[in-house]
Amino acid sequence: MSPTISVEQLSKTYQVPEREGGFGAAVRGFFNRKYKDVKAVQEVTFSIAQGEIVGFLGPNGAGKTTTLKMLSGLLHPTGGSATVLGYTPWELKPDYLRSMTLVMGQRNRLSWDIPAADSFLLNQAIYRIPEDEYKQTYKELDELLELDPLMKKPVRNLSLGERMKCEIAAGLLHRPKVLFLDEPTIGLDITGQVRIREFLREYNKRSGATILLTSHYMADVTALCERIIIIHQGRLKYDGGITDLSRKIAPFKLIGVRLSDADSHDLSAYGTQVRNDEDADKKYIQVKAEDVTRITSRLLADLPIHDITITDPPIEDVIEQAFNS
Amino acid sequence: MFLIIKRLWQVNWAEQWQYRANLLMYLLYWLVSPIIYLAVWTSIANAKGSVNGFTANDFIQYYMVLLICDQFTSNIVIHTFGYKIQDGSLSGELIRPIHPMLTNGLVNNIAFKALTIMGLTPIWIILFFLYNPDFSSISMTGILLALPAMGMAFLIGYLLSAAITSLAFWTTRIYSIHEFYFAMILLFSGQFVPLTLMPKFIQEIAQFLPFQLLIYYPIQLILGKLSTEQIVQGFAMAFIWLGISALLFNWVWRNGVKRYSAVGA
Numbered sequence: 018m019s020p021t022i023s024v025e026q027l028s029k030t031y032q033v034p035e036r037e038g039g040f041g042a043a044v045r046g047f048f049n050r051k052y053k054d055v056k057a058v059q060e061v062t063f064s065i066a067q068g069e070i071v072g073f074l075g076p077n078g079a080g081k082t083t084t085l086k087m088l089s090g091l092l093h094p095t096g097g098s099a100t101v102l103g104y105t106p107w108e109l110k111p112d113y114l115r116s117m118t119l120v121m122g123q124r125n126r127l128s129w130d131i132p133a134a135d136s137f138l139l140n141q142a143i144y145r146i147p148e149d150e151y152k153q154t155y156k157e158l159d160e161l162l163e164l165d166p167l168m169k170k171p172v173r174n175l176s177l178g179e180r181m182k183c184e185i186a187a188g189l190l191h192r193p194k195v196l197f198l199d200e201p202t203i204g205l206d207i208t209g210q211v212r213i214r215e216f217l218r219e220y221n222k223r224s225g226a227t228i229l230l231t232s233h234y235m236a237d238v239t240a241l242c243e244r245i246i247i248i249h250q251g252r253l254k255y256d257g258g259i260t261d262l263s264r265k266i267a268p269f270k271l272i273g274v275r276l277s278d279a280d281s282h283d284l285s286a287y288g289t290q291v292r293n294d295e296d297a298d299k300k301y302i303q304v305k306a307e308d309v310t311r312i313t314s315r316l317l318a319d320l321p322i323h324d325i326t327i328t329d330p331p332i333e334d335v336i337e338q339a340f341n342s
Numbered sequence: 086m087f088l089i090i091k092r093l094w095q096v097n098w099a100e101q102w103q104y105r106a107n108l109l110m111y112l113l114y115w116l117v118s119p120i121i122y123l124a125v126w127t128s129i130a131n132a133k134g135s136v137n138g139f140t141a142n143d144f145i146q147y148y149m150v151l152l153i154c155d156q157f158t159s160n161i162v163i164h165t166f167g168y169k170i171q172d173g174s175l176s177g178e179l180i181r182p183i184h185p186m187l188t189n190g191l192v193n194n195i196a197f198k199a200l201t202i203m204g205l206t207p208i209w210i211i212l213f214f215l216y217n218p219d220f221s222s223i224s225m226t227g228i229l230l231a232l233p234a235m236g237m238a239f240l241i242g243y244l245l246s247a248a249i250t251s252l253a254f255w256t257t258r259i260y261s262i263h264e265f266y267f268a269m270i271l272l273f274s275g276q277f278v279p280l281t282l283m284p285k286f287i288q289e290i291a292q293f294l295p296f297q298l299l300i301y302y303p304i305q306l307i308l309g310k311l312s313t314e315q316i317v318q319g320f321a322m323a324f325i326w327l328g329i330s331a332l333l334f335n336w337v338w339r340n341g342v343k344r345y346s347a348v349g350a
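These protein sequences, in sequence, are chains A and B.
Going by the numbering used here, the first sequence runs without a break in its numbering and finishes at 342.
Going by the numbering used here, the second sequence runs without a break in its numbering and finishes at 350.
Next up, chain A with everything else stripped away, as it sits in the complex:
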């Protein structure tokens, strides 16, 4: 079966007008405008099979959102090609637009001046959702996101988190086969984040939808995605399993020990000491994965240890290392 999302050498270069501050520069800029090429995405290639949930990671300005905008059809690329569900996104074919969704930022599908309920009904008409299917989907969304109390207020009077819930719900009413989610949990409290995650997982399981999401909350990514794609400065840096990532990029383990008289022992002979603020009474050292067994037995033999743990380094740290490599 051909992949649901297939991206081949996709590139996007923005032309950004550039000038110095000040009056003189403003006048010069009027007659002779200078442009700078900003290569937002450079020859990115990947493919995603139906039903996958893939985390799309990278620091600010890495090109994540630009890629999502191209895949949803908002932007024309400057190079390369992409197909989603067999369509070329930027041709903006109505059949394509009806089968995907892009949830991005705070103001997208909902009109600010009127209650969300009216925008929902408009979407029902635009996406040609039959009445009973609409009711069923709304009920499911309401159970997960507790939409009912928000529906009657003008959208501008909702809080950031409430608005995000409504945005996500509005983007899912037509039961899209492909979901592009740009920071879907931004602005939500912990309960809200967990709910959205549960919902996405459930939606994916039930409908077999394909999901590509970006998030700054690593918990979103670790909870939902088995596979991640990392991009940095517009280029693909990593594409693979989330568990393989630490093995490939940072083949380290963290050994944490609790000692009876912690201050009198120097652990630097065993490995690099690292701080861990969450668990201050434990000492942590970072060691190479292949040395874990040897060093652990040495530690146990040499020191008065109460408790020992061996863990993978936090995914944030691993990704940080991936960006810098």
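In case anyone wonders, no lab produced these hints; they're calculated from the structure.
There may be inaccurate statements among the hints.
Stated by the list, open to error - Here chain A is said to cover these stretches of chain B; the calculated rule only asks that three of the stretch's residues, wherever they fall, bring their Cβ under 8 Å from a Cβ of chain A: (1) 221 to 234; (2) 305 to 312.
Stated by the list, open to error - Lysine-lysine pairs mimicking DSBU-like chemistry, simulated, CA-CA at most 35 Å apart: (3) A/K152 <-> B/K198; (4) A/K110 <-> A/K53; (5) A/K110 <-> B/K310; (6) A/K194 <-> A/K222; (7) A/K51 <-> B/K198; (8) A/K194 <-> B/K343; (9) B/K198 <-> A/K53; (10) A/K110 <-> B/K198; (11) B/K285 <-> A/K110; (12) B/K343 <-> A/K56; (13) A/K170 <-> B/K310; (14) A/K156 <-> B/K169; (15) A/K170 <-> A/K194; (16) B/K133 <-> A/K169; (17) B/K343 <-> A/K254; (18) A/K254 <-> A/K110.
Since the model is a prediction, treat every value here as computed from it, not as a measurement.
No residue lacks a Cβ here, since even glycine has one placed at the ideal position from N, Cα and C.
Knowing the structure of chain A, use the given hints to seat chain B on it.
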């Protein structure tokens, strides 16, 4: 499609109501110039008996009908859509499976018109009693012919404005281009004075431009001042310009969307 239009109407109508005070100000601003022209020309005609054959009643008739035609055929798409292209808020509409400007934008403008026409009605009635025009030349046929003519004129004006608005994909300075377009309307549409009072060469140019279809032509239709030949000619021009403006808008839009950079969001 009917349901889409219905729901779009509900949303846009509710939105316009939110801004009703704003809208009333807009309407008053809009009415200032034609009412000044009306007052000035009527007093000149009263003082001199007539201006180039135009009596005071001719002027009153003309501007009273103009107030209505102008409301029917004008549009505000540049104000409701231009900024969306510039600040990226078009994104949400662009990925919906309906054309943003030919559905939502159009319905939004019609909702706006419905409200301003409601606001205009009492003002028009007051003016009617103040100036007491002689409307005996108006016939039912004229009105029935003017309705489709104004419908087409609205679409022509909307598509031309939409094409200018779509230039926002290239430049942020669409408002000055639109000012130029407004100047053309002022000069060639009969908004300022009845076209027959304009210099001969302007009248001749105006015949071939779309602007007189927006105002002068429907006014003359309503006032029953056109021969059958002129009526046919007017509708033919309207069809031609509807085609041209549709093609023009389509071309600008298609090429513009390719340049859309979805900034901001």
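Hint-by-hint comparison with the structure:
1. 221 to 234: With 0 residues in contact (Cβ-Cβ under 8 Å with chain A), the coverage given for the segment 221 to 234 of chain B is violated.
2. 305 to 312: violated (count 0)
3. A/K152 <-> B/K198: Given pair A/K152, B/K198 holds - Cα atoms ~34 Å apart, limit 35 Å.
4. A/K110 <-> A/K53: Roughly 32 Å between the alpha carbons, so the hint for A/K110 and A/K53 holds.
5. A/K110 <-> B/K310: violated, 48 Å
6. A/K194 <-> A/K222: holds, 12 Å
7. A/K51 <-> B/K198: This hinted pair is violated, its Cα atoms lying about 43 Å apart.
8. A/K194 <-> B/K343: Roughly 25 Å separates the two Cα atoms, so the pair holds.
9. B/K198 <-> A/K53: With a Cα-Cα distance of about 44 Å, the restraint between B/K198 and A/K53 is violated, given a limit of 35 Å.
10. A/K110 <-> B/K198: Within the cut-off at roughly 31 Å; holds.
11. B/K285 <-> A/K110: violated, 50 Å
12. B/K343 <-> A/K56: holds, 17 Å
13. A/K170 <-> B/K310: violated, 53 Å
14. A/K156 <-> B/K169: Cα-Cα ~32 Å, so holds.
15. A/K170 <-> A/K194: holds, 30 Å
16. B/K133 <-> A/K169: Since the Cα atoms of B/K133 and A/K169 sit roughly 62 Å apart, the hinted pair is violated (cutoff 35 Å).
17. B/K343 <-> A/K254: holds, 28 Å
18. A/K254 <-> A/K110: Given that 35 Å is the threshold and the Cα spacing comes to 31 Å, the pair holds.
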